[in-house]
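K.L.:
Here are the chains, one letter per residue:
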Amino acid sequence: MTATTSAAAGAEQAPRPPAGGALRPHAEQDFAAELAALAAADDRPRPPRWKLSPWAVATYLLGGTLPDGTAVTPKYVGPRRIVEVAVTTLATDRALLLLGVPGTAKTWVSEHLAAAVSGDSTLLVQGTAGTPEEAIRYGWNYAQLLTHGPTREALVPSPVMRAMAEGRLARVEELTRIPADVQDTLITILSEKTLPIPELGTEQQAVRGFNLIATANDRDRGVNDLSSALRRRFNTVVLPLPASAEEEVEIVARRVAQLGRALDLPAAPRGADEIRRVVTVFRELRAGITEDGRTKLKSPSGTLSTAEAISVVTSGLALAAHFGDGVLRAGDIAAGILGAVVRDPAADRLIWQEYLETVVREREGWKDFYRACREVTS
Amino acid sequence: MSPALRVGAARDAAAAGEVARAAGESAQDVVLLGVRHHGPGSARAVLAALEAYRPQAVLIEGPPEADALAALAADPAMRPPVALLSHVVDDPARAAFWPFAEFSPEWAALRWALAAGAEVRFIDLPAATSLALLPSPEELVLAEGPAAPDADPPGESGEPGEPGEEARVDPLAVLARTAGYDDPERWWEDAVEHRGEEGGDPLAPFAALAEAMAEVRAVHGDGGHPRDPAREAHMRLKVREARRAHERTAVVCGAWHVPALAGRTAVAADRQLLKGLPKAKVETTWVPWTHRRLARASGYGAGIDSPGWYRHLFTAPDRPVTRWMTKVAGLLREEDLPVSSAHVIEAVRLAETLAAMRGRPLAGLGEATDAVRAVMCDGSDVPMALIRDRLVVGDVLGEVPPDAPAVPLARDLARQQRALRLRPEALERHLELDLRKDTDAARSRLLHRLALLGIGWGEPAGSRESKGTFREDWRLRWEPELAVRVAEAGVWGTTVASAAAARAADAATHATTLAEVTATAESCLLAGLADALPVVMRALADRAALDTDVAHLAAALPALVRAVRYGDVRGTDAGALGKVAEGLALRICVGLPPACTGLDADGAAQMRGHVEGVHRAVALLPDPALRDRWAAALRGLAERGDRPGGAPGGIPGLLRGAAARLLLDDGRLDAAQVARLMGLALSPGTPPAEAAGWVEGFLAGGGMLLVHDQKLLALLDGWICGVPPAAFTDVLPLLRRTFAEFDPGVRRTVGELVRRAPSLAAHPAPRPTDPGLPGFAPTLDPTRAEAATHTVRLLLGTTTTTDLVTRGDGGAQDD
Chain A
1 MTATTSAAAG AEQAPRPPAG GALRPHAEQD FAAELAALAA ADDRPRPPRW
51 KLSPWAVATY LLGGTLPDGT AVTPKYVGPR RIVEVAVTTL ATDRALLLLG
101 VPGTAKTWVS EHLAAAVSGD STLLVQGTAG TPEEAIRYGW NYAQLLTHGP
151 TREALVPSPV MRAMAEGRLA RVEELTRIPA DVQDTLITIL SEKTLPIPEL
201 GTEQQAVRGF NLIATANDRD RGVNDLSSAL RRRFNTVVLP LPASAEEEVE
251 IVARRVAQLG RALDLPAAPR GADEIRRVVT VFRELRAGIT EDGRTKLKSP
301 SGTLSTAEAI SVVTSGLALA AHFGDGVLRA GDIAAGILGA VVRDPAADRL
351 IWQEYLETVV REREGWKDFY RACREVTS
Chain B
1001 MSPALRVGAA RDAAAAGEVA RAAGESAQDV VLLGVRHHGP GSARAVLAAL
1051 EAYRPQAVLI EGPPEADALA ALAADPAMRP PVALLSHVVD DPARAAFWPF
1101 AEFSPEWAAL RWALAAGAEV RFIDLPAATS LALLPSPEEL VLAEGPAAPD
1151 ADPPGESGEP GEPGEEARVD PLAVLARTAG YDDPERWWED AVEHRGEEGG
1201 DPLAPFAALA EAMAEVRAVH GDGGHPRDPA REAHMRLKVR EARRAHERTA
1251 VVCGAWHVPA LAGRTAVAAD RQLLKGLPKA KVETTWVPWT HRRLARASGY
1301 GAGIDSPGWY RHLFTAPDRP VTRWMTKVAG LLREEDLPVS SAHVIEAVRL
1351 AETLAAMRGR PLAGLGEATD AVRAVMCDGS DVPMALIRDR LVVGDVLGEV
1401 PPDAPAVPLA RDLARQQRAL RLRPEALERH LELDLRKDTD AARSRLLHRL
1451 ALLGIGWGEP AGSRESKGTF REDWRLRWEP ELAVRVAEAG VWGTTVASAA
1501 AARAADAATH ATTLAEVTAT AESCLLAGLA DALPVVMRAL ADRAALDTDV
1551 AHLAAALPAL VRAVRYGDVR GTDAGALGKV AEGLALRICV GLPPACTGLD
1601 ADGAAQMRGH VEGVHRAVAL LPDPALRDRW AAALRGLAER GDRPGGAPGG
1651 IPGLLRGAAA RLLLDDGRLD AAQVARLMGL ALSPGTPPAE AAGWVEGFLA
1701 GGGMLLVHDQ KLLALLDGWI CGVPPAAFTD VLPLLRRTFA EFDPGVRRTV
1751 GELVRRAPSL AAHPAPRPTD PGLPGFAPTL DPTRAEAATH TVRLLLGTTT
1801 TTDLVTRGDG GAQDD
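Protein chains in written order, with the numbering used here: chain A, 1 to 378; chain B, 1001 to 1815.
One chain only, chain B, in its complex shape:
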């Protein structure tokens, strides 16, 4: 019962003022400003409090290593959002970020202190210690983003992945529940952020909040933040230090810590808590940050849903809702949606009425969103997604002055350049890599990773055909502006590998076409980014599922299957890759017949390329059931002779012929079945152009078939002779093209066959006693076959050398 009463009192500003003065009297040389990280209302309140109190020293929750960097915040070239980054010197992957937005109370305090000439100190546990305590850095980098100690909601603490994180108590949720709110963010907004304190004591709200937090901590103890005692001990020591040196000190920290800092403890006890903590050698710098990073959705756990909205609240001079609606209307107009001023008026009215009905002091983002949806967007969620992306989160990219210390990514790059003996030189240089050598393979991976990050140091120089796949040619040239690119790429990660992986994952998630995702997947393989592959594969599978164009799917499959087959993916979950490939193949099988209908000549030619590509790819997949399905799909194509290609729903002869040929080559159709299909395709009922297309598709696999199967040749010959003169001129170019692709020897043999044995057309069934082909005897010559048989059998692995001695002949039939 007691917390409820106290909190109720705390929400009442007048009563809280009393508490503030009572608490403040004893220690007027220091004020504790408990804030919600990234809360615009907190930032305003902090500014007002600082302005009223005018401290000589401002202590901010953050790594003390950043003290030296604080002055940079006043640099005009510094534009939030930015983050303080600490990383272990020889392991940049172990890093922690402290992000600051324009509307962060810490940032506001920092800027105020620098402008007012007050001393600035960061008082949290040193990053050297917190990073040394980090559990397993490698796992953190991709899973959760770098540890962000100050990123979670107020009363935060602890890096993501810290043991017992699940058990942590959210102090705000406790207060909000007590006040009857189900959403802690909303409670905070109503109780603190939206509360204008015109004329009131600017320090009063902080005292009230401290009271409330004290109650929460009395009930919940450390709330499952095991490292808090040490952190708070460190803060207390720092505060004591500042109090000795200055008359007025202000402390800006998470509201959660306020009670611990206000309590009295012995210096010796605090020192005892800090004894024996491990230390790592760290470096700290400023890096640019983005609003997307601040938003929870980006996976960086930075703690706020709506940085764009908060920024608006902080920067809008007055009437935030009206200004917001005007912004929204502007955005929608840019996207060609008809939004008038009348819409804006109605939306503002609706938002305010909604707020009144929900009993909130001011319309918040929830009311604004509901109103925009109902009034401006016709209830549709599609424009709402746009508004969320562009305004509620927003596309703000921070900037850091050039004289900030180098980002770890640059260090990592320099280290790798040294290790791989690749010096950045402005002069263009040609580099040939032999991927079978370890160093060259590592160089290739580095260059590919940099390319993914948009750092165009090396350009692939298009390797010459003859060299095979283990060679890569690069043109290297280091331009000065690449250093800037490296700094920009710093937002993606602290090492080249992790940054490239994060970048690739992002590119795959935001890609608009399937081909882009496939390209990203291939780059991942080339760059050896096994970590990014699961995300990319996921995006690929999703895209493939939604892509209705079989041609796109077919274009994506071969590269994917190559990757599965040849194990380009080192140490990745090849099983997952194989599953994606199989899913893709399955979709192609299902979608192939409809995709082949109604194509013109060019479309059919393209589709034939795809069909052949998929055919080769499917043959490499391990699942025999899938190969059967693919064969069934091809058979479906080959057998669909009912409608000619021009008619709606008809499949072009080119594709049907090609399908028949692929099946024949695979042994899934025998000669008699093929002869039947050919007979159907070349029968008088089929338009000659269509039949010629069939012939082209069928014979594209090579003409040797005609030499060996005279039945087919006879069919073809009969058809050509039967083409009416008028149609013959139309068909001729097609046939010429088909036959021109044969080897000269084959062409010649076919010609001779046709001239020598026109009677074959009359007697389609070839007789074994027939005189053989030109240049061939009618039957096999066992002695001559013998010589080849040995080798062939060895190649096929059907026998050993000793077998050959005993079973020399008879194998001739095998070839």
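Next comes chain A alone, as it looks inside the complex:
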């Protein structure tokens, strides 16, 4: 599921009626059968309080066939190495930091890791610019606090604190969005494996099996970089962008089709060609080299993630449907591409023009695209 959002990947699995009619069931509910089959087949040693052995967790994420014939669907399509390092990290007592540009399935991987290891992916702290310290440590039930004073009953534990008490995995999403002083609350938890509660003169020690998965994105602006003290507590795994153009074209096409249905856009007959072009342009500019490996290019400042490619194609489809003849053409995507590539008006525009002149102009069969782009660029 590289580079699709978790929603896209989730929709791809045959969805079963969710428990209690939830709009989006948790991973451990959705794949309960696979998890049970894995647990039954798994005879390897399990770290304390793990539902599965590390090997089975890796199999759960990467997919495979069990001895009893149960097919485990792949949750993550990408290098095996990455999943193995991530799972192994959780088995040692180091915390795991999943890093990557937007749209590389960080949250998706973290949810499934938690589901497979602890059978529970709900101990979640969502990082925002306004995340307070209470969200990571603990809060108070003020009614209780006023009537009974500071007692254990008046204390409201955070998901992290609950994970420590129960020996499960806690998840922190978008760690770098959290203000730096709040981030550093994690240092004691990760190094001392304890959470002091000075108001009660006690502490919450982490039970074996506790660990933490954080996700962060390394290309966005307006993030608070981790202090090096905190960074040292994490093993870092960078989730890459899709490895091959084919893979990425498929992801974009599938997601665009889903979005197109949701927006009631008519299906575009020539869409596949244009999607391939968008993906090619994105990949080439991102990688700084043409797909044939012959020409090096400068990379613009934007992330040019797969998610952006999806939005370029979707808006192109909308343009074609509402203002054009319903066929997705070069002109419909040119403006979108320009907007995605040129984030910094001076430097990026130059890079884009250079790309147009040196690569696109010469390319066989791309004349219409070149003309459309020239038109919107100048």
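Hints are not guaranteed to be accurate.
As the list claims (entries may be wrong) - DSS-like cross-link-like pairs, simulated, lysine-lysine; straight-line CA separation at most 30 Å:
hint	chain 1	residue 1	chain 2	residue 2
1	A	Lys298	A	Lys193
2	B	Lys1238	A	Lys296
3	B	Lys1275	A	Lys367
Said to hold, decoys possible - The following residues of chain B were derived to be distant from chain A, with all beta-carbon distances above 12 Å:
hint	residue
4	Arg1323
5	Asp1370
6	Leu1397
7	Arg1421
8	Gly1591
9	Thr1729
Keep in mind that the hints were calculated from the coordinates and are not lab data.
Source: prediction; values computed, not measured.
All C-beta atoms, glycine included, are put in the ideal place defined by N, C-alpha and C.
Guided by the hints, dock chain B onto chain A, whose structure is given.
P.N.:
Same frame as chain A, now just chain B:
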């Protein structure tokens, strides 16, 4: 099914021990030690086996010509990595290398034998034969590096480029697949290299391996190695010879050959196989080698990815992973990355846990790399590249004792020195070369090539201006240490030309700035290294694509265009060169306007130099569309009068003026358009200093224009008169500088014009009836023009001599 079962058994050391003894019983006077070339585990195992068996003779897979050189391996001045080099005597380009690293089993066996006083013999097919069989040496040299018969993975054989190479079976891959591994290297490491055999029979693993290989060969035959039967026949004959002379003989060869050597064949059949093979006269010597050469990535096809890691495995006394992590941490600290001992501890833990999870007996390079990336490098690949370069491959350069036979490069040099009658003399000597003569041109190429190789025999003596480009002056002086340089340069190739080409290609690939690549490209042209040019051009194109500084690009373009234009490149693909030049020009066109903004006075002056250089260069390029683009870029500069140079995004007047002038000279702007631009630039709204800059840029091309176009002169005159007194003192130096560059005659004429006709400013439109310029009549004088017209027309090629008689006048307008 049978190979799978057998291999499964072979991996089981206990079962294999039985096989070993069973196989060994009949022929205890010889043991076959099948190895993986450059496998540290194999090297350890070979040492243990030799120590246990104590043979009197050690036979090693390698060219028998090297027998005489084997003793040199014990020389303390010999430090691996080194390679045995065989080359055809009168054609050093036909050569083959047998590289040895410290951790190569062959090297270990060689050193053991020399220390233990055992006899050493190389038993492969003679290099004389294998080189005579080489297909086309010239093609091999640059494409693949010299043929490296022993370089490919175990069970190797055959030089690169051998027909049918594609079809060869990798025996390891077969075994690994059978054992359920997708990567043969990893399987070998797990099954053989990482397997400690404490207390076990040191010969057992070899017997097991021989069993497995026998199965593979039973299925795959010669595995697409067409020359193997002959090689193996030769080895068998040698082994027989040794068995007759000695009680105990050990054979160290690629695992692939073991079954063939163990099998029984008739002596006559073997001799028959070797009959009638061609022979060349060859010479063999030791040359220094490097780890980079051993690594596959360097294009030498030497067969291993990670010589540095293997060396570490071989030399580390214990706990290889822990020691490795400590090394990595040391390297990262040197590069100012904060890595603590805690990091090392965590990395070791992660690597070992990963190995356990992947079911490997020991953490290998893959686990170590993953752990270092996750723990020490924050998941980033940038420090990983450094680690790979410095540690995994490593910067180890071998050494060869001085009494090793001369390297072919030195012979080639000596030969060329004789042929060109350039004797190496310690006394400094001055040499003048006339490049129009063949011998002198060849001498110049040789000296340039040596300079590229860092052999500073000749130094360019800066030719005097008057002599033109076909002359070169050199100062020659042969210092004794240059011989050492020649020996060192031996790693680059076997002839001066091929070594210089390889060196130039390397320099271009590893250059850090565009200018370095351009310089290398120019040296290639001077040294006549057409072979290296494609690589250099590729590097140049890549650099140009990534270089954001238009000034760099502009500096690189003129030399490149000269090369394309004048065909300095003999026999090269001038088309490719032209493409690079055009790409460069295109990038300059796109990047020029932004690059000209926000420059100070010095920056603007420099940029003007670049603009003029590019302008001249672009005019020489064949593509008219490109010239149009360049003109459009210049026009963009000239027309950008909206913001003054000081303001953000503004373009300095100097550049705008220069652009206008270049366009005018090219006829892409007419007088009226130029007058409009000048009017804009010199209008009262423009700061005087800016306007003066414009004037300087515009008039830098010469002042004669002002003499002929009085409208422009009037504009200029009007502006100067209108400069407010306060600003005048600021502007004056600029104007003085501008006018000082005019020819005295022009300056004088302009002065007279201005004095005589101040009214022109009031009536800008020049009237034909106006009294002409000082010293000129108001109209053309047809009779006087006639004389010049003939010559001019002939020069322009617009007419022939006969035409001139009939259409004598009227051509006056043309000049």
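K.L.:
All hints, please: hold or fail.
P.N.:
Consistency of the hints with the structure:
1. With a CA separation close to 45 Å, the supplied pair Lys298(A) and Lys193(A) exceeds the 30 Å bound.
2. Restraint check for Lys1238(B) and Lys296(A): not satisfied, since their Cα atoms lie roughly 54 Å apart, outside the 30 Å limit.
3. With a C-alpha separation of about 63 Å, the suggested pairing of Lys1275(B) with Lys367(A) is violated against the 30 Å cut-off.
4. Here Arg1323(B) stays apart from chain A, with its beta-carbon at least about 20 Å from theirs, past the 12 Å limit.
5. Distance check for Asp1370(B) against chain A: the nearest CB is about 5 Å away, which does not clear 12 Å, and the non-interface claim fails.
6. In this structure Leu1397(B) is separated from chain A by more than 12 Å, as the shortest Cβ-Cβ distance comes to about 30 Å.
7. For Arg1421(B), the shortest C-beta to C-beta distance to chain A comes to about 45 Å, beyond the 12 Å cut-off, and the non-interface label holds.
8. Some Cβ of chain A comes within 12 Å of the Cβ of Gly1591(B); the nearest lies about 6 Å off, and the non-interface call is violated.
9. The beta carbon of Thr1729(B) is kept farther than 12 Å from every beta carbon of chain A, the shortest such distance being approximately 36 Å.
In this structure, the earlier hints numbered 1, 2, 3, 5 and 8 are contradicted, and the remaining ones agree with it.
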